[in-house]
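*Asks:* Each chain, letter by letter, is given below.
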Amino acid sequence: DAGITQSPRHKVTETGTPVTLRCHQTENHRYMYWYRQDPGHGLRLIHYSYGVKDTDKGEVSDGYSVSRSKTEDFLLTLESATSSQTSVYFCAISVKGDSNQPQHFGDGTRLSIL
Amino acid sequence: KNQVEQSPQSLIILEGKNCTLQCNYTVSPFSNLRWYKQDTGRGPVSLTIMTFSENTKSNGRYTATLDADTKQSSLHITASQLSDSASYICVVTRDNYGQNFVFGPGTRLSVLP
Numbered sequence: 478d479a480g481i482t483q484s485p486r487h488k489v490t491e492t493g494t495p496v497t498l499r500c501h502q503t504e505n506h507r508y509m510y511w512y513r514q515d516p517g518h519g520l521r522l523i524h525y526s527y528g529v530k531d532t533d534k535g536e537v538s539d540g541y542s543v544s545r546s547k548t549e550d551f552l553l554t555l556e557s558a559t560s561s562q563t564s565v566y567f568c569a570i571s572v573k574g575d576s577n578q579p580q581h582f583g584d585g586t587r588l589s590i591l
Numbered sequence: 002k003n004q005v006e007q008s009p010q011s012l013i014i015l016e017g018k019n020c021t022l023q024c025n026y027t028v029s030p031f032s033n034l035r036w037y038k039q040d041t042g043r044g045p046v047s048l049t050i051m052t053f054s055e056n057t058k059s060n061g062r063y064t065a066t067l068d069a070d071t072k073q074s075s076l077h078i079t080a081s082q083l084s085d086s087a088s089y090i091c092v093v094t095r096d097n098y099g100q101n102f103v104f105g106p107g108t109r110l111s112v113l114p
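In the order they appear, the protein sequences are chains A and P.
For the first sequence, the working numbering assigns the number 478 to the initial residue and increments by one for each residue that follows.
For the second sequence, the working numbering assigns the number 2 to the initial residue and increments by one for each residue that follows.
Everything labelled a hint here was simulated from the structure, so no lab data went into it.
Backbone N, C-alpha and C define an ideal beta-carbon position, used for all residues, glycine too.
Any given hint could turn out to be false.
As the list claims (entries may be wrong) - Chain A is faced by these chain P residues, among others (derived, beta-carbon under 10 Å):
1. GLN10
2. ILE13
3. CYS20
4. ASN33
5. ARG35
6. SER47
7. ILE50
8. SER59
9. TYR63
10. ALA87
11. ILE90
12. THR94
13. VAL103
14. GLY107
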């Protein structure tokens, strides 16, 4: 299994509070991604990173920010959580510049916002 | 609109039987098509990746096919096992850098003893 650790694995919080999810990799891969998975929808990209301090928005980036200060860590922050952000969040990594290599996913963080 | 559709939404089969899952896509441009298996409570795991020129690719009891003309793919599971119970996700990659993915909603397969 690819060395990807997401923390926490489960979190329950209240509307309006800040939340930070962490993704840690031991593979030294350049690309890292944050997705959310909701019933009836495919995985949807929130943000991705193509290097330290290099990030870009995905299709559902509103209300989320990211940071990557080290190759191995990619943080996802909800500045002021809303109930619509209740979801399962997955981190993924991939090899630089090779579209024929698979993404490797973490086991997800289940986030509930009450 | 770039879209990946999968059918059926869910499927129940008996252990030992074969099954085929379908994926139709309207994605452009096209770089490759991937199938992932996602166990409950886990992240997706890659099964196969097929480029435009590949018609079929196997991974053990899993065989994926691709018809780029009709924009259809299928995943065939042979001699199903209880451990095959999972969601199967079809993904189309749009660019050569592997950064632009369109995910299908998945098919939920349940294999019963």
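*Asks:* All the hints need checking, so say for each whether the structure fits it.
*Replies:* For each hint, the structure was consulted:
Hint status for P:GLN10 relative to chain A: holds, with the closest Cβ pair at about 9 Å, below 10 Å. Interface restraint check for P:ILE13: the shortest CB-CB distance to chain A comes to about 19 Å, outside 10 Å, so the restraint is violated. At its closest, the beta carbon of P:CYS20 sits 21 Å from a beta carbon of chain A; the interface hint therefore is violated under the 10 Å criterion. For P:ASN33, the suggested interface contact is upheld, since its CB lies about 6 Å from the closest CB of chain A, less than 10 Å.
Hint on P:ARG35 holds. Least Cβ distance to chain A is approximately 7 Å, under the 10 Å limit. Contact between P:SER47 and chain A, as hinted, is supported at the beta carbon level, the nearest pair being about 3 Å apart and thus within 10 Å. Annotation: interface hint on P:ILE50 holds; nearest CB of chain A at approximately 6 Å, less than 10 Å. Here the hint on P:SER59 is broken, as its CB sits about 16 Å from the closest CB of chain A, past 10 Å.
At about 14 Å, the closest approach between the beta carbon of P:TYR63 and any beta carbon in chain A exceeds 10 Å, and the interface hint on this residue is violated. A hinted interface residue such as P:ALA87 counts as satisfied when its beta carbon comes closer than 10 Å to some beta carbon of chain A; here the least separation is about 13 Å, so the hint is violated. Here the hint on P:ILE90 is kept, as its CB sits about 7 Å from the closest CB of chain A, short of 10 Å. Taking 10 Å as the C-beta cut-off, the interface hint given for P:THR94 holds, the closest approach to chain A being about 5 Å.
Because the smallest distance between the Cβ of P:VAL103 and any Cβ of chain A comes to about 7 Å, under 10 Å, the interface hint for this residue holds. The closest approach between the C-beta of P:GLY107 and any C-beta of chain A is roughly 7 Å, which is under the 10 Å cut-off, so the hint is satisfied.
In the structure shown, a violation is registered for the earlier hints numbered 2, 3, 8, 9, 10, in ascending order.
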